[in-house]
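Student: Using the sequences and the accompanying hints, generate a full structural model.
What follows is the residue order along each chain.
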Amino acid sequence: MHPVRKKEGNRLTAIMQVRNEENRYLEEVLGDISVYVDDIVIIDDASTDRTVEICRSFPKVKEVIELENSHFSKEWELRSRLWQEACKYEPDWLLSIDADEVFEHSFKEKARTLINQDSYDWVSFRIYDLWGGRTHYREDEHWNLHKRHTMMLVRYLPGFPYYYLKMNHHAHRLSLSYQALRGCLTDIRVKHYGWSGDEAERLEKYERYRKMDPDGQWGHQDQYTSILDPSPNLIEWKEERE
Amino acid sequence: MPEIAHTMPVLIRNDEDMAMLRECLDSLKGSMDHFVFYNQGGLSNYDLSSLIDAYLKDFTVLGKGTNDGIPFARQSCFQYIWVNLPAMQYITEIHPDMLFPKDWPQKLVEFLEDNKEEPCISPGILTKEGQWHPHGKGIFGAQIPSRTDELVDLLVEKQEEKVVEGFVHPVMHRASCLKKAGGYIVEDLPGMQGYEDDYLLLSYYHRLRLPENWKPKALLSIYVFHRTMAQRADFSNMEEESNKNLQGLLKRFGTQGIMDLQHIHSVKKKENIRGSIYFFGTSSDKDVPFIRGVNPYIIHSQISKERSLDQFEQEKASDGNVKNIAVVDHPYWLNSVSKICPQLTIARITEHVWNPTSALYRKGICAVADIILTDSEEIHWQLALSHPFILLCPSLNKKSHLLNEDEWGIYSDSDYYLKEIIESSFEDGDRTETWQGMINKQRQERIRGLQDILEWEPHNEVNLSLLAKYYYITQQYEEAENYFFQAFLRNVLVHKMDGLNRYYPGICLAQLRQGKTKEALNSYGILAQTDDMKQHYHQLLPLYNKEEYEWLQAEISRLLGDIRYARDLIDQTASPEADGSRYLFYRDMLDYKGCEEILRKRGDGVASAKEHWLLQGEKEELFGEPQRALHHYLQASIYEEKAIENILRLEAVDRFMDGGE
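Sequences listed follow chains W and U, in order.
Counted the way the numbering used here counts, the first sequence spans residues 1 to 242.
Counted the way the numbering used here counts, the second sequence spans residues 1001 to 1661.
Mixed in with the good hints there might be a few duds.
[Stated by the list, open to error] Heads up, simulated DSSO-like pairs for lysine-lysine below, C-alpha to C-alpha not over 27 angstroms straight-line: (1) 1107/U - 1029/U; (2) 1518/U - 7/W; (3) 6/W - 1546/U; (4) 1179/U - 1244/U; (5) 88/W - 62/W; (6) 1162/U - 88/W; (7) 1180/U - 1158/U; (8) 6/W - 1534/U; (9) 1518/U - 6/W; (10) 1057/U - 1116/U; (11) 7/W - 1516/U; (12) 110/W - 7/W; (13) 1107/U - 1323/U; (14) 147/W - 1496/U; (15) 7/W - 1534/U; (16) 1128/U - 1102/U; (17) 1158/U - 1064/U; (18) 6/W - 1516/U; (19) 88/W - 60/W; (20) 7/W - 1546/U; (21) 1162/U - 1128/U; (22) 88/W - 1516/U; (23) 191/W - 205/W; (24) 1323/U - 1363/U; (25) 1179/U - 1251/U; (26) 1244/U - 1116/U; (27) 62/W - 6/W; (28) 1158/U - 1215/U; (29) 1546/U - 88/W; (30) 1518/U - 88/W; (31) 88/W - 7/W; (32) 238/W - 110/W; (33) 1642/U - 1593/U; (34) 191/W - 62/W; (35) 1057/U - 1107/U; (36) 1496/U - 166/W; (37) 1251/U - 1107/U; (38) 147/W - 88/W; (39) 110/W - 1441/U.
Think of the hints as simulated: they come from the structure by calculation, not from any bench.
Tutor: Here it is in structure tokens:
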């Protein structure tokens, strides 16, 4: 029997949920994480394009769970299922990453240090919403995720209960129960490309949000409206010094 | 014949009351004494007067037909007599549910004429259950004839020229004494009923400065039939009413009054003394519940301890059959408790004494206690894991209401349990069966209560965790695990940060008890966030891999507090390598003999020497001679300076005994 917390030899498993990601950032993201993770478990939410094929083309992808019917309107179920599927491999650490997120370079160097310890069970990062390209991120009252810490990396603890709030959209990416454990807050940055497309793409996303959450039950109406802001406050993204 | 006034509150609720009153009046028919009635309701004053008029010549009806309570009614009668009939030499308290033999007051008057120092006298009474009070209480000695004339014949037949100690109604007061004592001062007795008799006796005792050994008396050369205390059944909130009067009594006479009452009501006959109960507490201002045939002693300081221990020696010498019972309210009394060699030790552990400084003594008192009472559900949970008999008594810190034997039924839960525990120890048979019955009943009721509450409030973290704990201590481990997890998740959802330490020990223990050793070890690993626990966890992993499951389970149980289970498991562990664990168990359980045996096997060495002196010190400190403990601790401090802390503890206990803490 192995200890629940190891100081060395920890494997890192990335978990990702995807849906119709063919012409977006999937290949780039999978290529990037393949550099520093040991394996990848993906859940495909009933894609109708080549998403699954792309996923399977990466050798570190251990399994792609293909859902026949989309869980898009019940995101918490999708997150929960992905967690269960990944845990059946009894991983050491799980990195919850979306198909449009890329860690800055330093994470690749620090990842092993962050997981080969027995003092904390989760690590959080700062996620930046790159806006209208990859040179700037947005920062205003509605777009300030980077000012908080987002838990993305957790240690798998056998028997530890996982719990997701039943949020149909904007569900927590990892189980809330990890809040009871000791964690580590880092300033390592994550680039979120979800808003880095052109205006037409943002309009399409805006309409999708309005449709899926017309009453602002799962998010803020003001934030949805602000997607269309013609002149948002943008700050230049500076890559870290290597 | 001297002037006598009889007082009688009358409450007519039904035909039966009416019939009793008629019979009562009929038995008094022809009396030349004056009667003062107080109309408590059921009849108009006119109707009541018309009724009485058929039997008695000289009477007055007071009141307006409202039930103003017994103390108020009686006092109104007294005041009427004091003002309007000042020549009255004797005043009685009689009831409408009584039957009187002819000329019944005469012998009572004679007694008071002959015994000028006595403020009052009761006759003997026969109850409808066939008991002769006050001397034959609890003994069913008579068949009650159905015919009134035969009943009166029986009352006369049983008369004997004897005076016994005890107090019953009816009672005849010397009017001058009653007036001096003040009667029932209604400001002190605002309740409808309860404690007024005790109040009046205490008034006599204190205001008339009666001799220290005075007790009320009953004259058995006259008997009265007393059916029942009819009016008592008329209050649904009897306890509340009673408590109002109790508070007044306490206000007037203080807790000394309660001690005096115990003396006043105590039974003189030597053969009725069944035991001595020693209350080891923190203050002389302590309410002591009355338990028939048991002499109470309050020990709250070094001086009171020595006085009580002298008393103990005397009683031991005079009667070896008297049982000694220790009720210990503070663990620092542990050493003194052992000096009275109690046959029954009851520890009362409140939140007040649940602090780290008293931990060793607390462990000690729990080790010697036959049964523990506590006011805290958290303490109840923790101690239930290490002691077989523990009862929850939320009112443990509250005033005791158990004043005299007439008042059974009006007491707090802690007094109830105390009485039951003590009574069971006087009975033949296995007293622990009685205790287990009480414990099981209490726990099952609590589980049902929590289940009901959770139906309405399913996400209440506190109740979820309480239910988990009750399931655990009633050996429903699967349910316990489930509810511990629910409480944990609830804790997480409200963004509290203490869920792991609060609930994971319970989860882990519940898994162990279900034989889910691997899961339990993982849970223990998750819980192990401190360096000490991590180190311990890494010591346990090889045990699992070597399939030393009992040893492993014992270690986790011990660390997480399920000492009883841990002890069972470690006893099943044959491996000599487990001696290290075994030693820690014995140490935890204050099993000094077991510890010494293991130390002997270890042989000489600095660590063994230090442990030896520490063990000797603790043993003497807790159960032997504290002065010798000092010497042992000094020896231990040669090896480790930290041993000096034990001496500081000794000093703290000394200060406590001197009343300094």
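Student: Output the numbers, in ascending order, of every earlier hint that fails for this structure.
Tutor: 6, 7, 10, 13, 17, 26, 37, 38, 39
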